[in-house]
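As they're listed, the protein sequences go chains Y and Z.
Read in order, the letters of the first sequence are residues 1 to 799 in this note's numbering.
Read in order, the letters of the second sequence are residues 800 to 964 in this note's numbering.
Mixed in with the good hints there might be a few duds.
Keeping only pairs whose Cα atoms sit at most 25 Å apart, straight-line, the calculated SDA-like set for lysine to any residue is [said to hold, decoys possible]:
id: 1; chain 1: Y; residue 1: K671; chain 2: Z; residue 2: R924
id: 2; chain 1: Y; residue 1: K292; chain 2: Y; residue 2: Q314
id: 3; chain 1: Z; residue 1: K878; chain 2: Z; residue 2: H806
id: 4; chain 1: Y; residue 1: K446; chain 2: Y; residue 2: D276
id: 5; chain 1: Z; residue 1: K945; chain 2: Y; residue 2: R727
id: 6; chain 1: Y; residue 1: K446; chain 2: Z; residue 2: N828
Beta-carbon label-pair distances, calculated as ranges [as the list claims (entries may be wrong)]:
id: 7; chain 1: Y; residue 1: K630; chain 2: Z; residue 2: K945; range: 30 to 38 Å
id: 8; chain 1: Z; residue 1: E922; chain 2: Y; residue 2: P266; range: 51 to 59 Å
id: 9; chain 1: Z; residue 1: R914; chain 2: Y; residue 2: Q225; range: 18 to 26 Å
id: 10; chain 1: Y; residue 1: T327; chain 2: Z; residue 2: D920; range: 35 to 43 Å
id: 11; chain 1: Z; residue 1: R914; chain 2: Y; residue 2: G337; range: 18 to 26 Å
id: 12; chain 1: Y; residue 1: V637; chain 2: Z; residue 2: E922; range: 15 to 23 Å
id: 13; chain 1: Y; residue 1: N210; chain 2: Z; residue 2: S819; range: 39 to 47 Å
id: 14; chain 1: Y; residue 1: D601; chain 2: Z; residue 2: L841; range: 50 to 58 Å
id: 15; chain 1: Y; residue 1: A354; chain 2: Z; residue 2: L841; range: 57 to 65 Å
id: 16; chain 1: Y; residue 1: P685; chain 2: Z; residue 2: K945; range: 15 to 23 Å
id: 17; chain 1: Z; residue 1: D920; chain 2: Y; residue 2: G633; range: 54 to 62 Å
Residues of chain Y clear of chain Z, computed beta-carbon distances all greater than 12 Å [stated by the list, open to error]:
id: 18; residue: D131
id: 19; residue: Q142
id: 20; residue: V169
id: 21; residue: G273
id: 22; residue: A322
id: 23; residue: D345
id: 24; residue: G358
id: 25; residue: D388
id: 26; residue: A428
id: 27; residue: S474
id: 28; residue: T528
id: 29; residue: A534
id: 30; residue: A582
id: 31; residue: E686
id: 32; residue: G695
If you are wondering where the hints come from, they were derived from the structure by calculation, not from laboratory data.
Don't be surprised by glycine CBs; every beta carbon is placed ideally from N, CA and C.
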Amino acid sequence: MTIFTRVPEAIEDVLGKLNPATSRRKFLKTSGALVVSFSATAITGTDSLVSAAGGAQVALDEAASLYPDPDFRQLDTWVAIHADNTATFYVGKTDCGQGTGTAFRQMMCDELDIAYDRTSLVMGRTDVTPDQGGSGGSDAIQRDGWPMRRVAAEARRVLLELASERLGVAVEQLVVSDAVIALKADPSRTLTYAELVSAGRFNVTLTGRNVNEISGVADVKPVEQLRIVGQSPQRYDIPPKVDGSLTWAVDVALPGMVHARNVRPPVVGATLGGIDEASVQDLPGFVRVVSKGNYVAVVCEREEQAIDAAGRLQVDWDKPPAAPFPTSDELYAYMRGATPTSSDDADVLGNPEAALAGAAQVIEAEYDVPFQGHTAFGPAHALADPSDGQMTIYSNDMKSYGMRNGIAEFLGMPRDRVRVIWMEGSQAYGRTAADDAGFEAAFLAKEIGRPVRMQWMRDEETAWDTKGPAFTLSLRGGLDAQGRLVALEYDAQSADYNHVGYNEVETVLISQLIGTRLATPNRGRAATPSDMYAIPNRRTTAQVVRLPLIWETPLRTGNLRDPNGPQVTFGSESFIDELASAANVDPVKFRMSLLAGSSNDDSGFRRARSVAVVRAAADAYGWEPRRSPKPRGPGTVLTGRGIAYSFRGQTIVAEIAEVEVNRETGHVWVKRLVCAHDCGLVINPEGLRRTIECGMLHSLSRALHEEVQFDSEKVTSVDWLSHPSLRHIDTPAEIDVVLVNGDPDPDRSDLPPYGAGEAVCKPMIAAVANAIYDATGVRLRRVPFRDDRVLAALEAAGV
Amino acid sequence: MSNVTLHVNGATHAMDIDPSTRLLYVLRNDLGLRGPRFGCGLGQCGACTVIIGGVATRSCVTRASRVSGEITTLEGLAKNGTLDPVQQAWIDEQVPQCGFCQNGQIMTAKALLDRNPNPTDVEIREGMARALCRCMTYYRVQAAIKRVVRGAQSSETASATGMVE
């Protein structure tokens, strides 16, 4: 007898409880049938677990492999047609809350020719959906939408061929409308998609070296034939999030489940000396203390018991001999004085030294950006079920496939005994501690032999979550006698050494605490500006520096929503404003001159589209040209406006902030925001508008509030008081989003969709800094612009 | 034997638990409710908000044994299968991003509007100030609250097309 041949009952309990009639995995095993009808609930796609109960690609012979990789080369892996003529799509992505799931359905519905509300979608389940890597890099639509469109188009082509055979006419004699194929000559003669595949699967093998290239024979539709793309159906996931019916990753409860809490070193870099288990073993519900290396966790029967026990556990920690890092106040001096661990080759255009030497005016400035956290609203969590020799992890991690591979390697289990079921959760945009919690839950579940729910506490999340790296930026620019920018030097230091990857076995936090080390720490990255400015002489350099401690540290860095873009663009676009001011030129006009200074462009027309986007933002705002700062009025509240621009890939963004600065308190309120945005083809305009609004406000939070603070022993930002975030009272009174998709060349074909989300995070901090300067004449060069800092700067300048 | 009795969404539950247990964990782990969620355990963020006697209350810092009034959770807002106007406005306005905080946004807004059916913009901003969101849906949350106010005044009907308007 093998213990691997059945699906753990507990999982079926979870799936079946929600939709007992349609737990397709169980149905498949008992009947061998391949396609069963879904209930109405499932078709709405409102519950990830209900929908996830499907999946024609579940292996029938589970003795060979419990959780085999879904074969992305099989059409049946991607599309299932049900007996009631509805369809389910299976994609290897996750939706972090931007409505990408809705967008996937729109794209696939258009290609398959089926109404949006007759479809459902399953995402991110490693045993059911093809591996498209989960989410990241704003590439959901730009990259991963293409194979989705192609497989849906192929399904439509195959269905038409089947209809052609059944009706005895050529495909050209047929017409498709909402999953029904009819004879053009006799519209009363119809076949539904369900009637055509009722005998079984598509059984069509696709081609392509990898999942991104996967394709059938059919072409996708040209843009002008798309009907559902470009509309704004409501997001299917919102009603169950609003009425309380959605099962989130935090909601899954399994029989025999226990609760775990971590106990972190109170001083960073400390070594575990000893654990006095007697301090907790008589507490009600106590199950076990688990420790390995410097990793310590407490497990109890009930959640509140685990919280209590973790707080009471007596642990001896030996302090490290040296401080792990400078204090947050000393950070920038430390970074500027540090020897770089790596430098990118200088990117040099023209002769910047000579141009600066000959410039009529040379301007220099330095900018500082602190570590900023992901700081998930719902701290990291996961549930791991070790029953029957397999491991199932329920997680909101946006890269479920990487988590599956990483945990299998970490636990020394075969990949096909491990699966990750992605479920909705609190998002934090990037490499978050959800990775770490998943590994911890799986580790503890294997140790204890019972399902373990790991939940990080607030202080742990805020202090120990991965951080966006701190930056110091130095810029120097030269203007000629006419105020033209003739040379620009950019140099950046990023505290990004040993940047942690996604679900990386060697760098996930539990591995670090156990003592695992990469032979060569990850190099990290220090990014450079993204603009299309034509500057004849330019030098761009960037280097990575390291803090004293690079392992077991809460200042570990990981990708945070456009990693590095907000930091870099704060420096680069603030400095463009400083140059405009020195040149006595309106900031929009100054940028337009730089953009128009060349006619060279790339295949995506990025320069021409940059001009269109900056102009669209200025027009939407009602920008009156004048130099900045504006003359200061006598009142308590000073107002001003600022613009910043950038791009990410081929997505172009310009943002304008209008601020009120209280000269008595230093308080900054961003009263109005304008964003002009061009990401090419827009799938769901209203969904995109909301993503843009929220992305801008996320960066506004980073501009005004967020800074990870630490002394020389530990991070001292531990909750929403010590680490404030944007609040309702900070919200702008007005936000205008202009979806430009401006096509400066009406003769060329429409643009493809580009990644839309993260680009909007880039310009915001600079736009706010430029607006504060416009209002007050005071230039803020250190993020965030908290009241006390603004007030000190105003007072120092005599404002 | 029971030492804690709770009245939740119209039902009464008698339980034998440690009376110091925070209400949040009882609602979630003993009663299986999903609306209130853990966000901070400190009463700072609002994820765990329930309405007790008309007051938006942070269940993560409330001892279960101290609660005597009727508790309404997100699941209890709908009446006879019809969403509360606040919930409907959230759908019409397409408020959530990830949605994890929205229990706190909706329950705080519901208590605010029950107390003050016609709040000014300033009253909305201040009344909602302690309900945090890390996706930063604040602008749409405020728009949805204003939509509820307008709807109450004009019987504005919701979109029946399934399209965002």
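Against the structure, the hints:
1. The suggested pairing of K671(Y) with R924(Z) holds, with an alpha-carbon distance near 13 Å, which does not exceed 25 Å.
2. Among the hinted pairs, K292(Y) with Q314(Y) is consistent with the structure: their alpha-carbon atoms are about 16 Å apart, no more than 25 Å.
3. Between K878(Z) and H806(Z) the CA atoms are separated by roughly 17 Å; this keeps the pair inside 25 Å, and the hint holds.
4. Our distance criterion of 25 Å between C-alpha atoms is met by K446(Y) and D276(Y), whose separation comes to about 23 Å.
5. Proximity of K945(Z) to R727(Y) is assessed by CA-CA distance (about 18 Å); at most 25 Å being required, the pair is judged to hold.
6. Using a Cα cut-off of 25 Å, the hinted pair K446(Y) and N828(Z) holds, with the two alpha carbons roughly 23 Å apart.
7. For the pair K630(Y) and K945(Z), the beta carbons lie near 32 Å from each other, so the given range of 30 to 38 Å is met.
8. As the Cβ distance of E922(Z) to P266(Y) is approximately 43 Å, the hint placing it in 51 to 59 Å is violated.
9. For R914(Z) and Q225(Y), the Cβ-Cβ distance of about 52 Å falls outside the hinted range of 18 to 26 Å, so the restraint is violated.
10. Against the hinted window of 35 to 43 Å, the Cβ-Cβ separation of T327(Y) and D920(Z) comes to about 41 Å, which satisfies the hint.
11. Take R914(Z) and G337(Y): their Cβ atoms lie about 56 Å apart, and the range 18 to 26 Å is violated.
12. Taken as a hint, the range 15 to 23 Å holds for the pair V637(Y) and E922(Z), whose Cβ atoms sit roughly 21 Å apart.
13. Between N210(Y) and S819(Z) the beta carbons are some 55 Å apart, a value that contradicts the proposed interval 39 to 47 Å.
14. Hint check: D601(Y) to L841(Z), Cβ distance near 53 Å, so the stated range 50 to 58 Å holds.
15. In this structure the supplied range 57 to 65 Å holds for A354(Y) paired with L841(Z), their Cβ-Cβ distance being about 59 Å.
16. At roughly 22 Å, the beta carbons of P685(Y) and K945(Z) sit within the given window of 15 to 23 Å.
17. For D920(Z) and G633(Y), the Cβ-Cβ distance of about 24 Å falls outside the hinted range of 54 to 62 Å, so the restraint is violated.
18. Here D131(Y) stays apart from chain Z, with its beta-carbon at least about 23 Å from theirs, past the 12 Å limit.
19. Non-interface call for Q142(Y) relative to chain Z: holds, since the shortest CB-CB distance, roughly 19 Å, exceeds 12 Å.
20. Every CB of chain Z is more than 12 Å from the CB of V169(Y) (nearest about 35 Å), matching its label as outside the interface.
21. Even its closest Cβ contact with chain Z, about 28 Å, leaves G273(Y) beyond 12 Å, as expected for a residue assigned away from the interface.
22. For A322(Y), the requirement that its beta carbon stay farther than 12 Å from each beta carbon of chain Z is met, with the minimum near 33 Å.
23. No beta-carbon of chain Z comes within 12 Å of the beta-carbon of D345(Y); the shortest separation is about 37 Å.
24. For G358(Y), the shortest C-beta to C-beta distance to chain Z comes to about 46 Å, beyond the 12 Å cut-off, and the non-interface label holds.
25. Look at D388(Y): its CB is around 25 Å from the nearest CB on chain Z, clear of 12 Å, so calling it non-interface holds up.
26. Distance to chain Z contradicts A428(Y) as a non-interface residue, since its nearest Cβ pair spans about 7 Å, not more than 12 Å.
27. Distance check for S474(Y) against chain Z: the nearest CB is about 31 Å away, which clears 12 Å, and the non-interface claim stands.
28. The claim that T528(Y) lies off the interface holds: its Cβ sits roughly 27 Å from the closest Cβ of chain Z, which is beyond the 12 Å cut-off.
29. At roughly 35 Å from the closest C-beta of chain Z, the C-beta of A534(Y) stays outside 12 Å, upholding its exclusion from the interface.
30. Interface exclusion of A582(Y) from chain Z stands, the closest Cβ pair being 34 Å apart, more than 12 Å.
31. Taking the minimum C-beta to C-beta distance to chain Z, about 4 Å, the non-interface status of E686(Y) is violated against the 12 Å cut.
32. Non-interface status of G695(Y) relative to chain Z is broken: a Cβ of that chain comes within 12 Å, the nearest being about 8 Å off.
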